[in-house]
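Participant: Please take these sequences and the hints and turn them into a complete structure.
Note that the protein sequences, when read in sequence, are chains A and B. The first sequence begins at 1 in the UniProt record's numbering and counts up one residue at a time. The second sequence begins at 1 in the UniProt record's numbering and counts up one residue at a time.
If you are wondering where the hints come from, they were derived from the structure by calculation, not from laboratory data. Among these hints, one or two may not hold up.
[Unchecked claim] Here chain A is said to cover these stretches of chain B; the calculated rule only asks that three of the stretch's residues, wherever they fall, bring their Cβ under 8 Å from a Cβ of chain A: (1) 51–62; (2) 326–335; (3) 401–408; (4) 420–434.
Cβ coordinates follow ideal geometry from the N, Cα and C atoms, glycine included.
Number of protein chains: 2
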Amino acid sequence: MRLLVIGGDAAGMSAASQARRLRGPDELEIVVVERGGHTSYSACGIPYFVGGEVAGADALVARTPAEHRERGIVLHLRHEAVEIDTGGARVRVRDLASGGERWEPYDHLMIATGAVPVRPDLPGVDAAGIFGVQTLDDGIAIHRAVERDRPARAVVVGSGYIGLEMAEALVRRGIEVTIVEAGEQPMRAMDPDMGALVADAVRGLGIHLRLDEPVEGFDTGGGRVTAVRTARRTIPADLVVLGLGVRPGSDLARAAGIETGPTGGIVTDRRMRTRTANVWAAGDCVETRHLVSGAPVAIALGTHANKQGRVAGTGIGGGYATFPGVVGTAISKICKVEVAHTGLNSRDAERAGFDALTATVESTTRAGYHPGATTMRTKLVFERRTGRLLGAQIVGEEGAAKRIDGLAIALWNGMTVEEMTGLDLAYAPPFSPVWDPVLITARKAAALVEEAMRDGG
Amino acid sequence: MRLLVIGGDAAGMSAASQARRLRGPDELEIVVVERGGHTSYSACGIPYFVGGEVAGADALVARTPAEHRERGIVLHLRHEAVEIDTGGARVRVRDLASGGERWEPYDHLMIATGAVPVRPDLPGVDAAGIFGVQTLDDGIAIHRAVERDRPARAVVVGSGYIGLEMAEALVRRGIEVTIVEAGEQPMRAMDPDMGALVADAVRGLGIHLRLDEPVEGFDTGGGRVTAVRTARRTIPADLVVLGLGVRPGSDLARAAGIETGPTGGIVTDRRMRTRTANVWAAGDCVETRHLVSGAPVAIALGTHANKQGRVAGTGIGGGYATFPGVVGTAISKICKVEVAHTGLNSRDAERAGFDALTATVESTTRAGYHPGATTMRTKLVFERRTGRLLGAQIVGEEGAAKRIDGLAIALWNGMTVEEMTGLDLAYAPPFSPVWDPVLITARKAAALVEEAMRDGG
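Facilitator: Spelled out as structure tokens, the structure:
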């Protein structure tokens, strides 16, 4: 039996490792082709490497190629899969160094081609000094540019999680940073009122935040970027980071007739099997089920990639495991500001057809009298008729955001806000006020549901 | 209508406040008798006040008598209820200053008599310099003794949450502290292996920890304590704190024929009604249902007292609310060490008749490469046959212990460890490794369940 894996990062190598755990080298040959030069790295760690909080790129690598090879995994770095022939059960692979190509056969094929950064088709976008943040090689390139060119001014395009984290990293390096965002708020996964808190926090760091200003192009000089242009202004820049999000890297699979869904991600079942025989897929290239909306979603996140890869590897190794879907939990820290959300925000809840209410409460992370208590805001989105929790958002400081986990688990279990008011959450003054912020917000939400019921809502 | 409340701390004043929210002064007269001189204070905050982290005792008071009175609540401080006459619907109240007594009538009676500290019947236990830690007055007395007498050596008897927190507080004041514990480990709510981690941490603070040494008596001189005696040694002490836990303060209710249960706590239904007409009870004086074992438990904790008081107040005010029970969540911080548990430990699971397994994992609070990542240990207790989660324990440092909330919510919802492996928990390097410690431990637990199934266990 031969397992061929396309992509040597989180999903691909989790699958390979798990399959190896279940099947030794004499039972299963495992071959991985990886376009880049690294394996099993934390893309989420790139901002901390660029910002200097993490000493070297090596620290972001969970398992090196050598470690994988020691476990009997054949690894071809700088090799790109260029065609999948599902009928012939083989993949055409190009050696990027020599340009030579060959066919690699498979019994099981694991597609872990990751995500493709959104790159706007704008004048000058290919100039030197403009970077994506997708692979570890991207991270190393930005780090090198910062160290070598000592840029004075940087522009980050996009203000989602990665955009804000990169902006923080560059500020840490003493660079003057402008964020340019096409939308009306940063972090569009949050409701506008919560996004406004993030905007305030970002501006508090000395970052220029330009909202409602789509990028129109890049000025260049000698092939290098010199400025970013919007309808309103020209922003000089020695370095530009594109943080416009990603889409599933499913082109290769689609070209081979492997089914993709409305999000562009590869369609799989709960065991991470595609609709094509003996072909598995996992990670940023697939779509999965959102357990609250019921709709397919493509969420590029290392933790899902690792879980899905492991599930696929278990199946390939002859075992049984499933990936049930996601509730859309995410978290970030921009200097001291912590931000997190799970489930649906107000807009998404409405789009999914829910008649939703929200409750927002400002409270403290610890007992008010305890040193280190800081203010945090918690917002719940819930169904008017039933009180069922649909989503939650948190903005605060130290100790605030990881509380989203409890809300994600409540959401996972379909709890109502009324039930949540009784939850037995941990209380001691260094950790929580006697009414945890989650409980206070649930209480307020439950009162709104009761009121709506009385009003015949 | 007249509501009489016995006890002006968390449960009593929550009930009074909530009843007032629902019924104005012309509908409902509210009278509270309180034995001490304070209302609505955080007993859990006493160690931080004694240790000097919180500036004054006032900071621990959530609402002063004056604030309650402003809301139309009549408050008799330094008044003790000495007899309940349920037939006559009245309570005999003694003015502790004058010694005079009178009968106070009620339509609704709210019993919130709190807990009684366990005080061993040992020679010398009544000497000056020996303190309990139950009321704010106790806390003020200890604080005064520390400030005024500048004790050089202190002994804390008992090593549960409050004992350890008081030991830390005294160490912060530069006092040499010995903890004397009758059992074989500190924090007996934890399994022995987790308790051993706590013991190491406590000793690392320079605290002398004497395990397996029941106190046999106190040496005194001139009416003051001078030493604590165990079978093995005599420990000189200028100050002694008794942290031996508490029992429900239900004597007054029991004497009036109000039903108490096997824990000694007053029996109530989900709406906090006792078995006696028009008599409600809440807080440390009641027993409640443990949602995992199904057994009655008495857990003295401010967060339950507040919730139960609010539920009772809602009922008294004509509304509907219930207190569903607890899963036994608790958390503490001793210097930098964080400790938490929820549900049943191994011993309690066995006692409750569960055939239980455990899984323990050591991991990091953040991505391993992220500055500030520290080691934490997570232990799950779960049913062998079904994989149902029964309890969890955490020992670690910054960012570790509040993760217990997620586990408490999983427990609340009856999740199995297998289901938990799929949970969508928040991941970003400053908050978690890509596999959250909760997920890794659930994964290990699920593998043990599968193994037990294969072995026909």
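Participant: Compare the structure with each hint and give your call.
Facilitator: We went through each hint and held it up to the structure:
1. With a cut-off of 8 Å between beta carbons, the segment 51–62 of chain B has 5 residues touching chain A; three or more are needed, and the interface restraint holds.
2. For the segment 326–335 of chain B, the stated coverage by chain A holds: 8 residues have a C-beta nearer than 8 Å to a C-beta of that chain, and at least 3 were required.
3. Using a Cβ-Cβ cut-off of 8 Å, 7 residues of the segment 401–408 of chain B lie near chain A, which meets the minimum of three, so the contact claim holds.
4. With a cut-off of 8 Å between beta carbons, the segment 420–434 of chain B has 13 residues touching chain A; three or more are needed, and the interface restraint holds.
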